[in-house]
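Colleague: Given next are the chains, with one letter for each unit.
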Amino acid sequence: MFVTAASFKKTFRRDWRDWITFVLFAGPNLLLFVIFTYYPLIRNFLLSFQEYNPIIDKGEWVGFNNYVDILIQDTQMTRIMQNTLVFTVSVVALILVLGLLTALLLNQKLRFRNGVRSMLFSPAVLAGSAVAVIWLYIFDYRFGLFFQVLKYFGINSPKWLLDPQWAMISLIIVYVWKNLGYATVIYIAGLQAIPADLYEAARVDGAGAWQRFRNVTLPGLSPVTFFLGVTSVLNSFQSFEIINVLTRGGPVNATNVLVYRLYEQGFTEIQNYGRASVVATLLFVIMFILTLIQLRAIERRVSYA
Amino acid sequence: MKTITRRNLLKGIGIGAGAAALAACAAPTAMPPAKPAEPAKPADAKPAAPAVVNNPGSAVTIVHWGFSGGNLEKREKELATKFNDSQKDVKVDIQVQGSYEETANKLTASLAAKQAPDIVLLSDVWWFKFARAKALLALNDAVAGEKGIDANDFVPSLWNEGLVKGAQHWIPFARSTPLFYYNKTMFKEAGIDKVPDTWQGLVDLAPKLVKKDGDNIKVSLFSHPDGASYIAWLFQCVAWQFGGGYSDAKLTKYELLNPDTIRAGQFYADSVNKGKWAVLSKDPQKDFISGLTATTIMSTGSLGGVVTDAKFDVGTAFLPMEKQFGCCTGGSGLAIPVTTPKEKVQAAMKYIAYATGNDGGAFWAQNSGYMPVRKSTADTQNYKDFFAKNPQFKTAVDQLPKTRPQDAARNYVPGGDNIIGKGLERIIVGKENVEAVWKDITAQLEKEGEPVKKDIAALLG
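Keeping their order, the protein sequence lines are chains A and B.
So for the first sequence, our numbering puts the first residue at 1; every next one is plus one.
So for the second sequence, our numbering puts the first residue at 1; every next one is plus one.
Treat the hints with care, as some may be off.
Said to hold, decoys possible - Quick list of in silico lysine-lysine cross-link-like pairs, DSS-like style, CA-CA up to 30 Å:
1) K286(B) / K165(B)
2) K165(B) / K344(B)
3) K453(B) / K253(B)
4) K194(B) / K58(A)
5) K151(A) / K250(B)
6) K114(B) / K454(B)
7) K151(A) / K218(B)
8) K211(B) / K151(A)
9) K323(B) / K151(A)
10) K250(B) / K58(A)
11) K114(B) / K74(B)
12) K311(B) / K58(A)
13) K58(A) / K323(B)
14) K58(A) / K431(B)
15) K276(B) / K184(B)
16) K311(B) / K188(B)
17) K344(B) / K151(A)
18) K276(B) / K74(B)
19) K274(B) / K58(A)
20) K58(A) / K447(B)
21) K342(B) / K276(B)
22) K58(A) / K165(B)
23) K276(B) / K250(B)
24) K106(B) / K151(A)
25) K91(B) / K58(A)
26) K74(B) / K151(A)
27) K253(B) / K151(A)
Just so you know, the hints here were simulated from the structure itself, not pulled from any lab data.
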């Protein structure tokens, strides 16, 4: 690629105009990204190698010390990774399956359908911490709503948030309840986008209800499922407010997940920004890899037909 | 039958919302007729205006980050209003930032942004972090200054806790101690006329006070907070009562593996798992107020709210003993960040003098439950009358001389409260071996405490 001075000038002049247009259109947006996303990302990465005192805004480079602290010496880390995995897999699976089932149900011509749809969707627009405060009452094992209902059936209420065995289940219930409506609405939209003639053709070919679902509905919904899968996984990794209000990661770290560990290390009285940044970096890497896998491996099976 | 269409539904929602909005508008207009006799004094509406005009720009406004939520926020704002009305030079503006933790985190950010408040409320486990980073002003000159305060009038143990190299950095304000609360009505109904002064005496009351529904405890004898709610603060006293503790003052020796601290840990675990007379609760204060527990130990700072909210007779007593009596101080104090300009420091001191003094301080202590921090306050007639009417508050003040400052492991090790609290959860909820847990916790405290050890020795008495 050899460029003469003259041709360079010419190219540059044309490019110069293109550049102006580009900067005018993309610039403001890009600037926001740089300030609020890329800069913090890089700063966070640098912080993870520092012993940083936020009060005087001074850091000391300490190499991989923080990584050793979090990844090797922290005896609770295995537990936290397990919790994160259990939480993410459970809520994503439940949201996708239950979301699809409710969408199928609400796609029928039922009475009060729209009312039910709005009711189901409403938790999704509520603030997580407000929702969690209400659930604190529902879960109280001595006078809460669940206690009353179980008592009616003669069942002893578990101690929900205070029992390490049940605390994670409680969190999953609240998270799924809150986010189910969103998945349902997206699925309903997906269902309505499947051309009716496909079903007709399937019927003419003698396909039963299950076969129609298996061969028309499911493939037709695959783009929606893919979208919901990616966003649900990413969202579940960031679910903080519900945990902070309901359990604060306890009891005995039973509900401590990565994002809560980040908060604990950085913003409780531990106030260790370096270690918090390690957790943040870890979270970023995991989410990045998962998204890559989803984009590369799973998207191939999605039919956009 | 009419079916619900999308339009109908939206219409319905719209009507509902409209009605709500109308109701909101209607409320204030509905009020005045109740008080019809006051149109004759329009001049009353702005009495403050001339005063402000007479002294243009003379009032210094002090931004004060204070308590958040409930009784304490309400009372602190009333305190500031009383102060603002009492003089014209200084105007205090209380701003609510959240819990102790949230306030401290926002202070961190605000210091970097040079937007820090003029006065900030910092808790026992937070203030030293800022003092150590030289982010708090040494107040000796301001204390001695023209608008200052008489240091000798403060309860010495409380005052001395805020000294860094002999200079005051953290003035006692909302200082508390743990206090034993009991439901007097419940005690009376069970025929108990004497409040036990030992743990064994308390345990013996279990058959009379614990109410069960099958295996479930409906009403417990005692309620522990969970690890997230300062259980390590309260357990510290129990460890002392058993003869153990967390650490010495200089972090040279940790006391968790002291057989007595192990015994205390086992006692806590057994109270829930074996004797089943205590429960672990998300909110012991709520439990107590709603009659779900007969007794509990909470901060004196909860007393004001508890007495107001409880529908039964609230009793208070000294903490139960075991080998000995043990009770620590706690709560929060007021500090002035280094970013506060000089001319505002004296104004801030004027407020601090008022808020801790015999007038404002008494109002604050009586309505919150925090300790009167000045020696002279409890001797005023106002206070004697108050004690006569509210004996529960007197217990707390009587207990104060028997208290001592907390172990450094909880107060000064970064995350110390959290580390010990999680250990207690492992013991009580996780049912792990006490000694093994304390061993693990000691190792964590040693590691986290190492960087602050030198500063503690150099800075704190």
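Colleague: Hint by hint, note whether the structure agrees.
Modeller: Here is how each hint holds up against the structure:
1. K286(B) / K165(B): Violated, at about 41 Å.
2. K165(B) / K344(B): With a Cα-Cα distance of about 24 Å, the restraint between K165(B) and K344(B) holds, given a limit of 30 Å.
3. K453(B) / K253(B): holds (11 Å)
4. K194(B) / K58(A): Cα-Cα ~57 Å, so violated.
5. K151(A) / K250(B): Between K151(A) and K250(B) the Cα gap is close to 53 Å, so the pair fails against 30 Å, i.e. violated.
6. K114(B) / K454(B): Roughly 28 Å between the alpha carbons, so the hint for K114(B) and K454(B) holds.
7. K151(A) / K218(B): holds (13 Å)
8. K211(B) / K151(A): Roughly 17 Å between the alpha carbons, so the hint for K211(B) and K151(A) holds.
9. K323(B) / K151(A): violated (43 Å)
10. K250(B) / K58(A): holds (26 Å)
11. K114(B) / K74(B): This hinted pair holds, its Cα atoms lying about 28 Å apart.
12. K311(B) / K58(A): With a Cα-Cα distance of about 52 Å, the restraint between K311(B) and K58(A) is violated, given a limit of 30 Å.
13. K58(A) / K323(B): Violated, at about 47 Å.
14. K58(A) / K431(B): Violated: K58(A) and K431(B) sit about 42 Å apart, past 30 Å.
15. K276(B) / K184(B): Holds, at roughly 22 Å.
16. K311(B) / K188(B): holds (15 Å)
17. K344(B) / K151(A): violated (61 Å)
18. K276(B) / K74(B): violated (37 Å)
19. K274(B) / K58(A): Violated: K274(B) and K58(A) sit about 50 Å apart, past 30 Å.
20. K58(A) / K447(B): holds (21 Å)
21. K342(B) / K276(B): Outside the cut-off at roughly 57 Å; violated.
22. K58(A) / K165(B): Within the cut-off at roughly 23 Å; holds.
23. K276(B) / K250(B): Between K276(B) and K250(B) the Cα gap is close to 37 Å, so the pair fails against 30 Å, i.e. violated.
24. K106(B) / K151(A): violated (45 Å)
25. K91(B) / K58(A): violated (34 Å)
26. K74(B) / K151(A): Cα-Cα ~39 Å, so violated.
27. K253(B) / K151(A): violated (51 Å)
Checked against the numbered hints above, the structure breaks hints 1, 4, 5, 9, 12, 13, 14, 17, 18, 19, 21, 23, 24, 25, 26 and 27 and satisfies the rest.
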